[in-house]
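Engineer: Below, each chain spelled out in residue letters.
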Amino acid sequence: MAILVNNDTKLCVSGITGREGTFHTLNNRNYGTNVVSGVTPGKGGQDVEGIPVFNTFHDAVDKTGANTAMIFVPPRFAADSILEAEDAGISLIIAITEGIPAHDELRVYNQLTRNPNVRLVGPNCPGILSPGKANVGIIPASFFSEGNVGVVSRSGTLTYQIGNELAQAGFGNSSIVGIGGDPVPGSSFIDILAEFEADPETELIVMAGEIGGSAEEEAAEFIKANVTKPVVAYIAGFTAPPGKTMGHAGAIVSGSAGTAKAKQEALEANGVRVGRTPTEVAQIAAEIAGSLKTA
Amino acid sequence: MDLLEYQGKQLFARHGVPVPSGSPATTVEEAVAAADEIGYPCVVKAQVQIGGRGKAGGIKVAKDRQEAEEHSKAILGMDIKGHTVHEVWIEAASDIAAEYYASIVFDRSAKRPLVMLSTQGGMDIEEVAEKDPTALVRLHVDPLLGFQDFHARRLAFEAGVDADVVRPLGALLAKLYDAFVKEEAMLVEVNPLIVTADRQVAALDAKVTLDDNSLFRHPDNAALRNVAAEDEQERMARERGLTFVKLDGNVGILGNGAGLVMSTLDVVAQAGGSAANFLDAGGGSKAEAITQAVEVILSNPNVTAVLFNIFGGITRCDEVARGLIEAFDQIKPSVPFVVRLDGTNDVEGRKLLADANLPNVHTESTMLGAAKKVVELAG
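Protein chains in written order, with the numbering used here: chain H, -2 to 292; chain G, 138 to 516.
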């Protein structure tokens, strides 16, 4: 088992003919992901190394049965592409694009919440990897192996760092989900925690957050009420100054709200152990795994 | 991107939000000419991106030409909490009967715009809301539906607005919402929003934050960037397309990915050091970008050691190594570097660095080890 992407994934890539789009699509296919089609308006009828390209998502879904979309188009076209995928009946949309205008994200989010059959992950995210099954996005899959730790993160490279520390401690992963660092992510920690809770293969969950917003605090409440599996958390940005945007559009401390300390306290108050460094996260995970085995 | 007050008012005016007439000036002569044109009494207002201008003496009423000249002389060049006044706004004085507060913020938690209104304007709104939460009324708007007339009426009546002002205030809020959406703002705030003696409403102040990601659709707004107020090093980084924040410490930091860089700052602090900057070289950085990033980091004279913390995914470690080698060739840094390379093409990257045998460059295999080493070297 794994969550969201697996052997049933039939992937259609929007922006497949772009330089990055082609590179990562083929990378994903080489990993074993079932890439069935791509969309580039005006290039319908062409193919990318045997993957058929269509003018519209509707055509791609009709002809190839795609159920998952990866969005790899530039920011100015991304919102439209996400909405097109939803309109065509795609149930999982993974948006990698960075730099989408916030008001576009707002409209997309509010439209997608009207549709109970669709889930958006991202934008501005590294994608989802279910080791041994499917990789959709830009996560360097060779660093991860199959296992029982689910990882959910707001940051791409931080995920790799934590994943690497976990691997060195002997852990593999059920799935790794990057939800992205933008102000309006399609999926929250809570959405992904619920998926991991329901996934029989996932035994332990690692959650990597950062300063800004209140998603970690909300996740803490949710964990207390709904998650029976152990969760280890990490928060980046303890030393970040207030009022400055730290790279991610969402990573900004406004006054006392959204500080790393406040998030750590909220998580700990709800029974979640918080590592102070990525290395410590792996150590805590190892301790918990040890006690699970002996239990 | 934050706008100056008068830029915000001009943006409001384009969307029909009533604002007093005025004119910007960068010299005393320009200011006096503008005051003559507008007529007396008028107000001379310092244009800086910081609150508390009035208390600092940055806002003064001029009843005649002589006062306009005196006030402009005093305010231009004034320092307000570290911000130098390069520009003033000369505005027609208003006959104020009441001061309200209105704002629209991009509410990330609710994922909707949040409209707020209070009849207790003119002061610190956070204080007002804390003392009496009912004094600030709030309403979330579905962005696909937009701001409706009934929204405005509900806000106005709940806030206790005088009945004869409900209609013009509602019209102002609708126009403000229009400006918020069409200009793709993260915040528009009017404090005070005034009711004049003849029962008109107008925005007497304007605070506007625009979404940087949307500026490609608004070239006119992009041109409003207040370059004079920008830190030299931050400007240098922005012009090179780097995500950069200047900090107070002495350890220069370069990493890839915002989360990993933030984490690196924290780990350096835990090792007893203090970061001089946040610098995210971004995904897929090529050698040239790395060279430019080193240039930006070293332009800060406080930097006594530099840490490269790279976990390559889309970024290739060999490109990072090439950029560093190029930087050493061009800049010949005099401070020590600690480099940690992991991820895509890390073997090639480490080999390139080993072969180049750069002076004073130390490689470490873990993030924690690299942080400890750089703190030791930074002194």
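Honestly, the hints are just simulated from the structure, not real lab data.
Watch out, some of these pointers could steer you wrong.
[Claimed, not checked] A partial selection of chain H residues facing chain G, derived with a Cβ cut-off under 10 Å:
(1) Asp5
(2) Lys7
(3) Leu103
(4) Pro113
(5) Ile208
(6) Thr236
(7) Gly244
(8) Ala248
Don't be surprised by glycine CBs; every beta carbon is placed ideally from N, CA and C.
Engineer: For this structure, which hints from the list above don't hold up?
Structural biologist: 1, 2 and 4
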